[in-house]
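Read off the chains here:
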Amino acid sequence: MKRFITALLIGTATLAVAAPKPVTLLNVSYDPTREFYVDFNAAFARHWETTTGQKVTIKQSHGGSGKQARSVIDGLPADLVTLALAYDIDAISEKAKLIPASWQSRLPHNSSPYFSTIVFLVRKGNPKEIKDWDDLVKPGISVITPNPKTSGGARWNYLAAWEFAKRRNGGDESKAREFVSALFKNVPVLDSGARGATTTFVQREIGDVFLSWENEAFLALKEFGADKLEIVVPSISILAEPPVTVIDKVVDRRGTRAVAEAYLNFLYSEEGQDLAGKHFYRPRLPAAAQKYATQFADVALFTIDEAFGGWKQAQETHFSDGGVFDQIYK
Amino acid sequence: MNRQQYGWLLALGGLVWWTANTGVRAETADPKWQELDQKVRILERKLELADEAAAAKAKETPTLSAGPGGFSLASADKAFSLRLRGFVQADGRVYADDEGDRLSDTFLLRRARIILDAQLGKHFAARIAPDFGGGQSQLQDAYVDFKGSDALNLRVGRTKVPLGLERLQSSTERLFNETALVTALTPNRDEGILLYGALGKGVLEYHLGAFNGGPDGASIDSDTNDEFDLAARVWLTPFKHSDAEALQGLSFGLAGTVGEQSGTTNAPGLPTYRTTGQNTFFSYRTSTNAADTAVADGDRTRIAPQVYYAVGPWSLHGEYIISEQDVGNGSGSASLEQEAWQLATSWVLTGEKPSLKGVSPAKPFDPAKGQWGAFELKARVGELSIDDAAFEGGYAQATRSARSAEAVGGGLNWYLTRNAKLSLDYEQTTFDGGAADGDRPDEKIVIARAQVSF
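Chains as they are written, first to last, in this note's numbering: chain Y, 1 to 330; chain X, 331 to 784.
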């Protein structure tokens, strides 16, 4: 009996010493990723515990991408961010110096493990016959989009509309400005984030068309019923690449770099990519992309770099204080 | 558009909804009805968003507050705050039977203090408290707190030495206007480092610190030698959370200091002891001649058991202190033991429960409502005895310093509100020795005080 108790004590002590301490991560993300990261976090926690024996709990924070970036700049201790656009993460680098300026080159595909685009969500039967961007500026059309000053998705919306009008008018920027100005005259409510705008359109039944992340549109269809809503894919849209990164100063301070980096790498894994496709993000991995190809429509996508010279320039021209958006939406 | 107009539109929207859901379906297909419906929905959503924005902004907006506990400015999450408090004590002091007008009747601004408390995040806090009483500027408290938890905190700077119970009370919360003789044996404020906390939800409080080491009754600003005093105090309220209501207000504790002090002719490092009227009745012998000057010369130890009990409107406060000090002069050295004690009691006539934090009136002063605040009767008795060896060894002169002092006092406290208090004390102190012709004359003092604190 004495031997048994001694062995038990030694065994317990050994286990206590050997088992790594549980760890927590905070993933600060934007609005429409909630459901995806709920599933992804569970998958990663299983993967991490299986490979390292360590339990990991991932906390999520969601909101408008710009607002979320400001929270991190103001001190929200995010181990990693998964935001809607690179500019918001650039701001974390420039204003708070929490990550190096070269953060986007640390992971494949500009640190965007999945991508998406902007589509239209309309009422079932498309009663206002909205088919393309130019239908949005017609009199009597009510358009729902969040505020580009606070929402990453809204900035994608705005830029997609701008580029459509520019191409339609032979590259004339002034025509593009008139077009976007007319479009925002048809916007009755500006929510601060994509999820709020979904609520406005779907639950409050306001507006005729909702300019939405593709995954958010599919999610609304799934949640609220294909008998009430349908997706319209415009002739051209923007390649929306939501990027991810660890927040170096936070993970180094908290000692969570290894698990945070593994978390982001897992986004590129087969399981991570499959989950992205399942949640209506377009996967990068060919196998996953193939698997989910049928759920995404073919659409001509342009990039932010080719149309606007990158996020920095687009931000300064259109969304900075006093920029074009402030001038057209008063 | 104001909220009232929004309200009308919402009411109209309600009408639209009602008609749309009570069989008037034909109209809902009408574009005009649909347009109106959309307008109402938009207004409703805008109100919803405005409320959300207001709620979010409220979470981020610093708060400015004012109340009986002072004035404060705090960040939205309360992690950072600045609290302004303070108090004024204005006295009138009259001596009775003062033959020869030895003691001066006077009006006195006893204390005029500003207290600034800063909370700097979860783990750091600071206090700065200057006092301008008596027309002088003196820094009373100035310290930094490193807050770990209820059980473990660290204070560095100038603060009260944890020894005497009455000394540790705020001067605004003490039962009498002036401290009892027993408190003359406790050091006042000192620079040092203090570990403190509370365990068992306040059942046990502890203090453990190292200080420069000041004489009894004194506040000092720096040390005069290389040694530090160690101070420790435990304070138990064992029935604080029990069902035995009669015992919930019983607290007792033990405190002590140990240290080694050495003085010089210019800075003897020894105390003087004062009466309620702040008149010195005992001092060690000083002289320009080093051989006749008593100085601190070795160990100093203080032991202070203490008790406080409050039940219903009644309270009892008891303290005993023995202060043992090695002294020396040109012809020898001795270890002197000074002892003091006090028993004080009070009865709140208006029924409120007294505590070491004073009395909070159940019906604050408001004559229009027939409310007059709280009234408390009080009495105390105490004594301070000087070691005979102080006189036998020539460390003090019996013709100038008393061998003992006994004080009996009583009075009335009128707590008008939590912030305003009027009090009237009478105390008679009798002495053994202390005069060329025998005993020093009795001190009979009346102290009236008007106090406002916030």
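These are calculated hints, taken from the structure and not from any lab test.
A hint or two may mislead.
Simulated crosslink set (DSS-like; lysine-lysine; CA at most 25 Å straight-line) [as the list claims (entries may be wrong)]:
1) K369(X) to K128(Y)
2) K185(Y) to K477(X)
3) K369(X) to K185(Y)
4) K330(Y) to K452(X)
5) K249(Y) to K278(Y)
6) K228(Y) to K97(Y)
7) K97(Y) to K452(X)
8) K387(X) to K376(X)
9) K228(Y) to K369(X)
10) K376(X) to K128(Y)
11) K124(Y) to K387(X)
12) K67(Y) to K228(Y)
13) K452(X) to K138(Y)
14) K330(Y) to K387(X)
15) K67(Y) to K95(Y)
16) K362(X) to K124(Y)
17) K312(Y) to K166(Y)
18) K95(Y) to K312(Y)
19) K131(Y) to K185(Y)
20) K149(Y) to K387(X)
21) K312(Y) to K97(Y)
22) K59(Y) to K387(X)
23) K362(X) to K128(Y)
24) K330(Y) to K67(Y)
25) K693(X) to K774(X)
26) K131(Y) to K67(Y)
27) K149(Y) to K376(X)
28) K389(X) to K408(X)
29) K228(Y) to K362(X)
30) K97(Y) to K149(Y)
31) K531(X) to K452(X)
32) K95(Y) to K362(X)
33) K228(Y) to K59(Y)
34) K312(Y) to K291(Y)
35) K67(Y) to K389(X)
Exercise. Any of the earlier hints contradicted here, and which numbers?
Worked result: Going through the list in order, the structure violates hints 2, 4, 5, 6, 11, 12, 13, 25, 26, 32, 33, 34 and respects the others.
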